[in-house]
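All chains should be modelled from the sequences, with the hints used to inform the complete structure.
What follows is the residue order along each chain.
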Amino acid sequence: MKLLIKNGHVIDIKTALNEITDILIENDRIIEIGKGLDAGSTGDVIDAEGKYVIPGMIDCHCHLRDPGYEYKEDIESGTKSAAVGGFTSVACMPNTNPVIDNQAVVSFVKNKAKQIGVVNVYPIGAITKGQQGKELSDIGELKSAGAVGLSDDGSPVENPLVMLRALKYSSMFDITVISHCEDKFLADDGVMNEGYYSTIMGLKGIPSVSEAVMVSRDILLSEYTNAPIHIAHVSTELSVDLIRKAKKRGVKVTAETCPHYFSLTESACENFNTLAKVNPPLRSEKDVNAVIEGLKDGTIDIIATDHAPHHEDEKNVEFNIAANGFVGFETALPLSITYLMKEGHLTMEQLVQKICINPAKLLGLNKGTIEVGKTADITIVDINDEYTVDISRFKSKSQNSPYNGYKLFGRAVYTIVGGKPVVRDKKLVI
Amino acid sequence: MSVMQSKHVLGLKDMSTDDINLILKTAKSMKHLLDSGNKKGPHLQGKSIITLFYENSTRTRLSFELASKYLGASAANISVSGSSVAKGETLLDTGRTINMMGADVIIMRHSMSGAPHFLSKNINASVINAGDGMNEHPTQGLLDMYTILEEKGRIQGLKVAILGDIYHSRVARSNIWGLTKMGAKVTVAAPETLMPPEIEKMGVETFNTIEKALIDADVIINLRIQAERQGKCLFPTIREYARFFGLDDKRLGLAKKDALIMHPGPVNRGVEMTSSVIDCERSFINEQVKNGVAVRMAILFLLTRRELA
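Going down the list, the protein sequences come from chains S and A.
Quick note, the first sequence lines up with residues 1 to 430 if you use this note's numbering.
Quick note, the second sequence lines up with residues 1001 to 1309 if you use this note's numbering.
What the hints contain is simulated information worked out from the structure, not anything from laboratory work.
Just so you know, not all the hints are guaranteed correct.
[Claimed, not checked] Coverage of chain A stretches by chain S, computed from C-beta distances (three or more under 8 Å per stretch; other residues unrestricted):
| hint | region |
| --- | --- |
| 1 | 1111 to 1117 |
| 2 | 1264 to 1271 |
| 3 | 1274 to 1286 |
[Said to hold, decoys possible] Below, in silico cross-link-like pairs of lysine to any residue (SDA-like), each with a Cα-Cα straight-line distance of 25 Å or less:
| hint | chain 1 | residue 1 | chain 2 | residue 2 |
| --- | --- | --- | --- | --- |
| 4 | A | K1201 | S | G405 |
| 5 | S | K204 | A | E1205 |
| 6 | S | K315 | A | E1089 |
| 7 | A | K1121 | S | V389 |
| 8 | S | K315 | A | K1212 |
| 9 | S | K397 | A | L1092 |
| 10 | A | K1013 | A | P1042 |
| 11 | A | K1007 | S | N271 |
| 12 | S | K204 | A | A1227 |
| 13 | A | K1181 | S | N271 |
| 14 | S | K204 | A | E1055 |
| 15 | A | K1087 | S | K286 |
| 16 | A | K1121 | S | L238 |
| 17 | A | K1201 | S | K315 |
| 18 | A | K1007 | S | K397 |
| 19 | A | K1013 | S | V389 |
| 20 | A | K1201 | S | V389 |
| 21 | A | K1121 | S | G405 |
| 22 | A | K1152 | A | Q1230 |
| 23 | S | K204 | A | M1202 |
| 24 | S | K204 | A | G1088 |
| 25 | A | K1201 | A | A1227 |
| 26 | A | K1181 | S | K315 |
| 27 | S | K204 | A | G1265 |
| 28 | A | K1232 | S | S155 |
| 29 | S | K184 | A | P1191 |
| 30 | S | K204 | A | N1208 |
| 31 | S | K204 | A | T1090 |
| 32 | A | K1087 | S | N316 |
| 33 | S | K286 | A | E1192 |
| 34 | A | K1121 | S | K184 |
| 35 | S | K315 | A | V1080 |
Glycine residues also receive a C-beta, built at the ideal position from the N, C-alpha and C atoms.
Rendered as structure tokens:
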């Protein structure tokens, strides 16, 4: 079975491809790239004229909630949501129940994804047992079972000695620690960014320095151990500055941010809007500008979704007790195109770096490029498709998004996983 | 007679000056009723008023209850410990239940900022915020403005100093929104650890010494300092707080000679104020309590007659 993608604007960073050309796929592989290709009489043809053809998008930070919180999301609904968002691979965080801190849970997630998943799923293992921050998980076994990263995401590893040893130990297995940077003492019982808006709503604030203090610690520990570290969901100017300086002196630090940290400010929380509650919290305009600057100059390597579905009952409550996070898969690409590309901050090549090749590198996946012989994970993007976000049409089980009603540009029109289109003309076909 | 624009009284942040003026004006006739000796009006006949308090309160709760009863409403209380709240019922479900029993107005106090706003979005009854977390206490703000208006004849142009734990104070926030809207010049003074960030953007001048805030003040609103705040590194001890931030006769001398002294109560004698200040003739702390009943009568009346208009 052949599949031909015709006349698309193909972008690949590794092979420096940036032109209108065709891609021929047979079964799950790319077999030819060039102009005027033919799929034969029985082949399937996708007309990609006027559209970008990019390596399948990879999300290095999402929550599929499976096992344990299937009422919010499960591997089936989560991967469907990822597919319509243009993602062909997602790495899911271990704060499930049970926690992904041993090889059995890694296998469970991988097997379930193989059976009912629509896109590739790669589990991230917990740094510490039960994400309690005390004892290391069986890191070697996690890696052997297929974990692609280590994180206690949702909470920080508070004890610096535990973090130092996690960095040393995991570097032996060539698996990167992804750090949720938050000083819990400084964050205290804050529920939104500390600033004018927390003041006028009488809500306890989380100071931006609570993130930066931990970023600073983790950079130093990485530098000291010479082990790589990846900083999750960077949201503040102070953090961006620290990472920029660390990179300059050669520290093996990489960083991600999420669409909400370059498209929304703390003002979205006004009137106790729990849909805008997230951790790290939405920050000030100054922070948003710094995050964009960090994306532009390469300080921030990756755009991740932090897809965090929650049930309505967990959001339609008092602000203090509302759950943190947003459905992220289905708005990440449009938000990146609208707020970064259309605003002239990033080119499509830079975007491809941040949503395809850099996440592949972080997770050690042989993906993120369009090359002959490689698995055909491809996303076709129409950057001019204008649409209004409608949470009731999300494929995710949950609808917790602050972007309902937003007019955005750009969508994934085709998502091709292993040579098989799972989204065609913006519609899930699986 | 004018009609209140707002269906709920959630905060002074979003209350129009028209509504504020209407409440203050109506409160004046309610105070006449209070003073008349026959404290029984027909205004709220056939109306159900429910007080739903998730936090302890003496004066605010009693003040609302009496206001309801003086105007002829059926009033009932929900006591948190004895209700299904203790069984883990959500605020949403509790609110819906009370709503379905025919409540016209739910008066609510809650430890979480925004809880009444949340409830108001989910039920038909009018919601009055009787204090939500650190956010607002709008009826206190209104009764403070009423007291100022009654004594000074105006709010516009007055210099009002708000002193104490601004960070945790819903009274401070309501007063700042209301007073700045009505044209007062507001200064706030607190230890830096109890000063909310970027509060200047609310249109107030800030100081870390009460002396500076007090200079030429027409009105002083002193806030309660809670002993529970000790031990959290917000200030070292009550003793040190009283020494540097307590209002005594000497510091009072910096304000105008006829400055009003107010406090939302309950007062810690000898902490935020010395007894000599509390009991001096310029102190209107007791009058505030009486005005509180009048203002709450006015609010209940205006909210319940909205639907008739």
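Q: Find the hints from earlier in the document that the structure breaks and name them by number, from lowest to highest.
A: 2, 3, 4, 8, 10, 15, 16, 17, 18, 19, 20, 22, 25, 26 and 34
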